[in-house]
Amino acid sequence: MMGLRLFGSRAAPAPVPASAPIARERLQILLAHERGLRGQPDLLDLLRSEILAVVSRHVAFDPEKLNIRMERGHDVSMLEIDIEVPNVAERLSAAVA
Amino acid sequence: MAKVLVVTSGKGGVGKTTTTAALGAALAQMGEKVVVVDFDVGLRNLDLVLGAERRVVFDFINVVQGIANLSQALIRDKRLENLWLLPASQTRDKDALTEEGVGKIITELRNKFDWIICDSPAGIERGAMLSMRYADEAVIVTNPEVSSVRDSDRIIGMLDSKTVKAEKGEPVQKHLLITRFDTARAARGEMLSIEDVLDILATPLLGIIPESQDVLRASNVGAPVTLNDATCAPSRAYIDAARRLMGETVPMIVPAAKKGLMDRLLGRRAA
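Going line by line, the protein sequences match chains W and X. Each residue of the first sequence is one higher than the one before, starting from 1 at the first, in the working numbering. Each residue of the second sequence is one higher than the one before, starting from 1 at the first, in the working numbering.
Everything labelled a hint here was simulated from the structure, so no lab data went into it. Every residue gets a Cβ at the ideal spot worked out from N, C-alpha and C, and that includes glycine. Warning: the hint list may mix true and false statements.
As the list claims (entries may be wrong) - Here's a subset of chain W near chain X, in silico, CB distances under 10 angstroms, partners left out:
1. Val16
2. Pro21
3. Arg35
Said to hold, decoys possible - Straight-line Cα separation of at most 25 angstroms, SDA-like style, residue types lysine to any residue; simulated pairs:
4. X/Lys168 - X/Gly101
5. X/Lys162 - W/Leu31
6. X/Lys162 - W/His33
7. X/Lys162 - W/Leu46
8. X/Lys112 - X/Thr98
9. X/Lys112 - X/Gln173
10. X/Lys78 - X/Glu32
11. X/Lys162 - W/Leu30
12. X/Lys168 - W/Arg38
13. X/Lys162 - W/Gly36
14. X/Lys162 - W/Leu43
15. X/Lys165 - W/Gly36
16. X/Lys104 - X/Ile124
17. X/Lys162 - X/Leu43
18. X/Lys162 - W/Glu34
19. X/Lys3 - X/Glu167
20. X/Lys162 - W/Leu44
21. X/Lys112 - X/Glu170
22. X/Lys162 - W/Arg38
23. X/Lys3 - X/Gly247
24. X/Lys162 - W/Arg35
25. X/Lys112 - X/Gly101
26. X/Lys162 - W/Leu37
27. W/Lys65 - W/Asp45
28. X/Lys165 - W/Leu37
29. X/Lys168 - W/Leu37
30. X/Lys168 - W/Arg35
31. X/Lys168 - X/Gly157
32. X/Lys165 - W/Arg35
33. X/Lys3 - X/Glu81
34. X/Lys168 - W/Gly36
35. X/Lys162 - X/Glu100
36. X/Lys104 - X/Gly42
37. X/Lys165 - W/Glu34
38. X/Lys162 - W/Asp45
39. X/Lys112 - X/Val57
40. X/Lys33 - X/Met246
Go ahead and model the full structure; you've got the sequences and the hints to work with.
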């Protein structure tokens, strides 16, 4: 069977699906997003750095235990900062005792 | 009045230097006095494409630093008496190019030439920024390919915000030049079409340059393609583009799929 299929007449190869429409769609989505960011200071970036500055003024946190997630959407964006803060109060009372 | 035209793209390898040489030569042949200026400090190539690499003595930065005057650094083309080259420096560090220094040279060139065509380096760093800084008009060279289109969009944003003209509230006049276009591949849906690129970038079309061996052949021998063989498809497209830059209305021709002949009218006009 295998031999027959190898040497027998083959059907015309399936046409390669056009990739240009995919390129077009990807570009339109990407550029709409990038144009929106252009020119204005990036609010999300600004919030991120100021929040981290405030937190680090009060507690020393391990940069390894910092988790930041930013999602930029068309109408709404999301900034998620997850900081593991050492339990200062407990440590203080331990030192006093 | 002199016009400063920047040839830019963001992405490398799309045909900025080829375009600078071809448009420069075509405008010079139309009787305009043209200087092509290489802004690619450290990686100059416009001299090579123009076949003037052995005639470079002084360069742009020598003039900025006062080591040479402008007339010593300008190289006159051997074939076209209206075409001149101001080469980039090959060795010095990129910071030697300052906004003030570039401004001074551009002002001086404006008094001597009809067209000052600035060949931008790739990227969005200092050299690229300075090459567009004083531009009145811009040719954005784009290949019908996603990364090139994205970078062109970024460059268009910069032309609208980082140029002296934009800062004064006068827009830089922008022209889109699509290069390395393969009609057959676009027709098969393998390559972005002219309409796709125009829709996405929303910039008036200056011309469509077909992918062609003639471009490589011309650079091999050190001649602008428009001078090396004025009748080949890319040359005809470049000459039409130059005429549009001069304000003429020339019908836009989409390169034909076979043998590089052009036969189909798109009917779209350049702005």
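Each hint tested on the structure:
no.: 1; hint: Val16; verdict: holds, 8 angstroms
no.: 2; hint: Pro21; verdict: holds, 7 angstroms
no.: 3; hint: Arg35; verdict: holds, 7 angstroms
no.: 4; hint: X/Lys168 - X/Gly101; verdict: holds, 20 angstroms
no.: 5; hint: X/Lys162 - W/Leu31; verdict: holds, 19 angstroms
no.: 6; hint: X/Lys162 - W/His33; verdict: holds, 20 angstroms
no.: 7; hint: X/Lys162 - W/Leu46; verdict: holds, 22 angstroms
no.: 8; hint: X/Lys112 - X/Thr98; verdict: holds, 22 angstroms
no.: 9; hint: X/Lys112 - X/Gln173; verdict: holds, 22 angstroms
no.: 10; hint: X/Lys78 - X/Glu32; verdict: holds, 16 angstroms
no.: 11; hint: X/Lys162 - W/Leu30; verdict: holds, 22 angstroms
no.: 12; hint: X/Lys168 - W/Arg38; verdict: holds, 19 angstroms
no.: 13; hint: X/Lys162 - W/Gly36; verdict: holds, 17 angstroms
no.: 14; hint: X/Lys162 - W/Leu43; verdict: holds, 21 angstroms
no.: 15; hint: X/Lys165 - W/Gly36; verdict: holds, 22 angstroms
no.: 16; hint: X/Lys104 - X/Ile124; verdict: holds, 22 angstroms
no.: 17; hint: X/Lys162 - X/Leu43; verdict: holds, 24 angstroms
no.: 18; hint: X/Lys162 - W/Glu34; verdict: holds, 17 angstroms
no.: 19; hint: X/Lys3 - X/Glu167; verdict: holds, 18 angstroms
no.: 20; hint: X/Lys162 - W/Leu44; verdict: holds, 23 angstroms
no.: 21; hint: X/Lys112 - X/Glu170; verdict: holds, 24 angstroms
no.: 22; hint: X/Lys162 - W/Arg38; verdict: holds, 12 angstroms
no.: 23; hint: X/Lys3 - X/Gly247; verdict: holds, 13 angstroms
no.: 24; hint: X/Lys162 - W/Arg35; verdict: holds, 15 angstroms
no.: 25; hint: X/Lys112 - X/Gly101; verdict: holds, 17 angstroms
no.: 26; hint: X/Lys162 - W/Leu37; verdict: holds, 16 angstroms
no.: 27; hint: W/Lys65 - W/Asp45; verdict: holds, 19 angstroms
no.: 28; hint: X/Lys165 - W/Leu37; verdict: holds, 22 angstroms
no.: 29; hint: X/Lys168 - W/Leu37; verdict: holds, 22 angstroms
no.: 30; hint: X/Lys168 - W/Arg35; verdict: holds, 21 angstroms
no.: 31; hint: X/Lys168 - X/Gly157; verdict: holds, 16 angstroms
no.: 32; hint: X/Lys165 - W/Arg35; verdict: holds, 20 angstroms
no.: 33; hint: X/Lys3 - X/Glu81; verdict: holds, 19 angstroms
no.: 34; hint: X/Lys168 - W/Gly36; verdict: holds, 23 angstroms
no.: 35; hint: X/Lys162 - X/Glu100; verdict: holds, 15 angstroms
no.: 36; hint: X/Lys104 - X/Gly42; verdict: holds, 21 angstroms
no.: 37; hint: X/Lys165 - W/Glu34; verdict: holds, 23 angstroms
no.: 38; hint: X/Lys162 - W/Asp45; verdict: holds, 22 angstroms
no.: 39; hint: X/Lys112 - X/Val57; verdict: holds, 20 angstroms
no.: 40; hint: X/Lys33 - X/Met246; verdict: holds, 13 angstroms
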